[in-house]
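Undergrad: The lines below spell out each chain.
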Amino acid sequence: MILYDAFFAALAALGFAIIFNVPKKFLIFVAIGAIIGFSAKSLLVHNGIGVELSTLLGAILVGTMGKIFSTIFQKPHQIITIASVIPMVPGTFAFKTIISLLDFVSSPIPSYELLAQTTFYAAKTGFILAAIAFGVAAPALLKK
Amino acid sequence: MEKMELSRDELKKIADTSLLIGKTMLESGAEVCIVDESLSRLVRIFGCDKVNLSVLPQTISMTLVSKNEFRTKIMHIGALSPNMQMLSELYTLSKNVCTGCGPADVLQHTNDLLSHNQQYTPLHKIFAAAVACAGFAALFHGSYKDIGAAFIATFLAASLKKLLDYKGFNPLFSITVASFLATICISLFLSGGLLEDSKIALASSVLFLVPGVQLINTFEDIIKGHYLSGLARGLHGLLISFAIVFGIAVGLKIFGSGV
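Quick mapping for you: the protein sequence lines, in order, are chains D and C. Numbered continuously in my numbering, the first sequence closes out at residue 144. Numbered continuously in my numbering, the second sequence closes out at residue 259.
Quick caveat, the hints were computed from the structure, so don't treat them as lab data. One or more of the hints may lead you astray.
[As the list claims (entries may be wrong)] Computed, partial: chain C to chain D, Cβ under 7 Å: (1) Tyr120; (2) Pro122; (3) Gly168; (4) Leu207; (5) Val210; (6) Gly212; (7) Glu220; (8) Ile222; (9) Leu238; (10) Phe242.
[What the hints assert, rightly or not] No more than 27 Å apart at the CA atoms, straight line, and that leaves these computed lysine-lysine pairs for DSS-like: (11) C:Lys224 / D:Lys124; (12) C:Lys23 / C:Lys224; (13) C:Lys253 / D:Lys124; (14) C:Lys23 / D:Lys96; (15) D:Lys96 / D:Lys124; (16) C:Lys145 / C:Lys167.
Beta carbons: idealized from backbone N, C-alpha and C, even for Gly.
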């Protein structure tokens, strides 16, 4: 399953790399970054670590790889890191937030259960997105 | 060797060239620190003593100092359109400019880069978006039907978005319409019996609209003290997310009773 996930994470990242016009010679690094980041996240989640912390650690790995890439090739790390972390975007949580919110708004009477569900999914989505952004930026922020 | 004082005219040429490079880097998805670093290096090679750069959400301003002479110029920054090839080339250009190169040579090189700034055709990008979203459907452990539906819905939505962008529509409008079209497509697959459950296909098919560059740059800019620029990018990312949600919500209200 990890290999299956890694393959499709690389595919999704390569798609975004083309959308972001990443130079062809760096596409391989985008794929490697996505495989490392997503596999690390999946492994940690399978071992019972929370999805937010797992995502943060996966994103830090991608950020570290970006920092090494930046040092070797003398290019900004964003060239590979942004597309590499996109597969970690919490699409299903974001979608559940939207559906719960729509159900809550269309409900004829206020439902606290729906409100709690919406808040839960929104918080999960927000924390995972923050973990991705902070994780990627963290290695580049070690120096002033 | 002591530097010579640059005239106001020379400072103007340097400012024009540097601001064009800075503006293009920001529009391509660079964070403020990289632009600051690149332009500071560039203007020193051109012979300036000091540069003060300020990046606001819509403008980039620069004051160049050479001995007793100085010049301040401001340039408008356009909409963000992620282009890592351009960012990479301009960053390298700012590193590799040799001493003795004038701003006119660099301006010429920058204009050459601007005229050949895309290495993938629009069709490549649409296809890539469809493959990426199909990849997401697989990552969410969807069936082959989900993956196929996500591919088709994204291909149509990304094509429409490209068309609307080309026709000059507001980007937020084109994002809303694209997510609306993706929702309609998935709802039609569901009502036609081609899908048993539409959640995975629908969640995947709008992900090509995710504001990834804004998300990452917001954090870096804020943490490095560029609060205004960072918050503005974050707000823009939030608006894009609202546009996606709005498109899905309208689509589901009209067509998605079974979702």
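Undergrad: Please go over all the hints and tell whether each is borne out by the structure.
TA: Taking the hints in turn, this is what the structure says about them:
Taking 7 Å as the C-beta contact cut-off toward chain D, the hint placing C:Tyr120 at the interface holds, the least distance being around 5 Å. At its closest, the beta carbon of C:Pro122 sits 11 Å from a beta carbon of chain D; the interface hint therefore is violated under the 7 Å criterion. For C:Gly168, the shortest C-beta to C-beta distance to chain D is roughly 20 Å, which exceeds 7 Å, and the interface hint is violated. At a threshold of 7 Å, the smallest CB-CB gap from C:Leu207 to chain D is about 5 Å, leaving the interface hint in force.
Checking C:Val210 against chain D: minimum C-beta separation of about 6 Å stays under 7 Å; hint holds. Look at C:Gly212: its Cβ gets to within about 5 Å of chain D, closer than 7 Å, so that hint holds up. A cut of 7 Å between beta carbons decides the hint on C:Glu220: the least distance to chain D is about 4 Å, and the hint holds. At a threshold of 7 Å, the smallest CB-CB gap from C:Ile222 to chain D is about 9 Å, leaving the interface hint violated.
The beta carbon of C:Leu238 comes no nearer than 11 Å to any beta carbon in chain D, farther than 7 Å, and the hint placing it at the interface is violated. Restraint check, C:Phe242 versus chain D: the minimum CB separation of about 11 Å is more than 7 Å; hint violated. In summary, the hint linking C:Lys224 to D:Lys124 is supported, as the alpha carbons are separated by about 26 Å, within the 27 Å threshold. Pair hint C:Lys23 plus C:Lys224 holds up; C-alpha atoms about 19 Å apart against a cutoff of 27 Å.
Only pairs whose Cα atoms come within 27 Å are accepted, and C:Lys253 paired with D:Lys124 is accepted, the gap being roughly 25 Å. Taking the CA atoms of C:Lys23 and D:Lys96, the gap is near 38 Å; set against the 27 Å cutoff, the hint is violated. As the CA atoms of D:Lys96 and D:Lys124 are separated by approximately 10 Å, the hinted pair is consistent with the 27 Å bound. Between C:Lys145 and C:Lys167 the CA atoms are separated by roughly 33 Å; this puts the pair beyond 27 Å, and the hint is violated.
In the structure shown, a violation is registered for the earlier hints numbered 2, 3, 8, 9, 10, 14 and 16, in ascending order.
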